[in-house]
Amino acid sequence: GAVVSQHPSWVICKSGTSVKIECRSLDFQATTMFWYRQFPKQSLMLMATSNEGSKATYEQGVEKDKFLINHASLTLSTLTVTSAHPEDSSFYICSARDWASGGNEQFFGPGTRLTVL
Amino acid sequence: GQQVMQIPQYQHVQEGEDFTTYCNSSTTLSNIQWYKQRPGGHPVFLIQLVKSGEVKKQKRLTFQFGEAKKNSSLHITATQTTDVGTYFCAGTPYGTGFQKLVFGTGTRLLVSP
Numbered sequence: 001g002a003v004v005s006q007h008p009s010w011v012i013c014k015s016g017t018s019v020k021i022e023c024r025s026l027d028f029q030a031t032t033m034f035w036y037r038q039f040p041k042q043s044l045m046l047m048a049t050s051n052e053g054s055k056a057t058y059e060q061g062v063e064k065d066k067f068l069i070n071h072a073s074l075t076l077s078t079l080t081v082t083s084a085h086p087e088d089s090s091f092y093i094c095s096a097r098d099w100a101s102g103g104n105e106q107f108f109g110p111g112t113r114l115t116v117l
Numbered sequence: 001g002q003q004v005m006q007i008p009q010y011q012h013v014q015e016g017e018d019f020t021t022y023c024n025s026s027t028t029l030s031n032i033q034w035y036k037q038r039p040g041g042h043p044v045f046l047i048q049l050v051k052s053g054e055v056k057k058q059k060r061l062t063f064q065f066g067e068a069k070k071n072s073s074l075h076i077t078a079t080q081t082t083d084v085g086t087y088f089c090a091g092t093p094y095g096t097g098f099q100k101l102v103f104g105t106g107t108r109l110l111v112s113p
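Those protein sequences? They're chains G and V, same order as listed.
If you count the first sequence from 1, position 64 lands on 64 in the numbering used here, and the numbers rise without skipping.
If you count the second sequence from 1, position 45 lands on 45 in the numbering used here, and the numbers rise without skipping.
The following block holds chain G by itself, in its conformation from the complex (with noise of 0.2 Å):
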């Protein structure tokens, strides 16, 4: 099946700095991938759709201009938060979508946890 690989596993950080998270499909082609939010024992939160070559879509209530994210090729997104704070402190999931398959379900990355100091 499609692989999703995310980059890093987990990161520390002190307040007020950026960290950028890596989100690659493996071995197949991605114009569209999504980008979770998922706190501890609860359930997965749609933070933005990413669109290779155009802008993000977010969803109501998500700062865009604090989680940055950039689709430039058809296998890599990226999600920077910036300026974190402890509030940011979560696991972060994408997932693509291979449409080349004919599928509609989502592959997900195996995460990226974040803990802001």
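Calculated directly from the structure, the hints in this document are not laboratory data.
The reader is advised that the hints may include incorrect statements.
Stated by the list, open to error - 27 Å max Cα-Cα, derived BS3-like pairs, lysine-lysine:
| id | chain 1 | residue 1 | chain 2 | residue 2 |
| --- | --- | --- | --- | --- |
| 1 | G | K66 | V | K100 |
| 2 | G | K41 | V | K51 |
| 3 | V | K100 | G | K41 |
| 4 | G | K64 | V | K100 |
| 5 | V | K56 | V | K100 |
| 6 | V | K36 | V | K56 |
| 7 | G | K55 | G | K66 |
| 8 | G | K41 | V | K70 |
Put chain V on the given structure of chain G with help from the hints.
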């Protein structure tokens, strides 16, 4: 906004017992998907249902999509310890094409040997 609730939030069963999780959406869905997330892991796709009243089976798992396309259920027969994890339903609201998914609140299943 769009809400997808699941009940129960948590269930602890003995191995061999059956388990069911129910998923209810505040609005009509064009399709419903089910995912399983093991502790410490990421969601893994199980199945998709598209048609009203559709029922699909995967070995011990039975999935159902309601007639009104606003609810769904997942039933596991004779649970095993490998079934441990959180089960999420996720729906695509009508009008969004086949783009985004709205995830349910999840049901965490614990199976004791």
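Status of the hints after comparison with the structure:
A C-alpha spacing of about 21 Å is found between K66(G) and K100(V), which places the hinted pair at or below 27 Å, so the restraint holds. The suggested pairing of K41(G) with K51(V) is violated, with an alpha-carbon distance near 31 Å, which exceeds 27 Å. With a C-alpha separation of about 22 Å, the suggested pairing of K100(V) with K41(G) holds against the 27 Å cut-off. Straight-line distance between C-alpha atoms of K64(G) and K100(V) comes to about 18 Å, which keeps the hinted pair within the 27 Å bound.
A threshold of 27 Å between alpha carbons decides the hint, and for K56(V) with K100(V) the separation of about 23 Å falls inside it, so the pair holds. The straight-line distance between the Cα atoms of K36(V) and K56(V) is roughly 16 Å, inside the 27 Å bound, and the hint therefore holds. Restraint check for K55(G) and K66(G): the C-alpha separation of about 15 Å stays at or below 27 Å, so the hint holds. For the hint pairing K41(G) with K70(V), the CA-to-CA distance comes to about 24 Å; that is within 27 Å, so the pair holds.
Consistency with the previously given hints fails for number 2 only.
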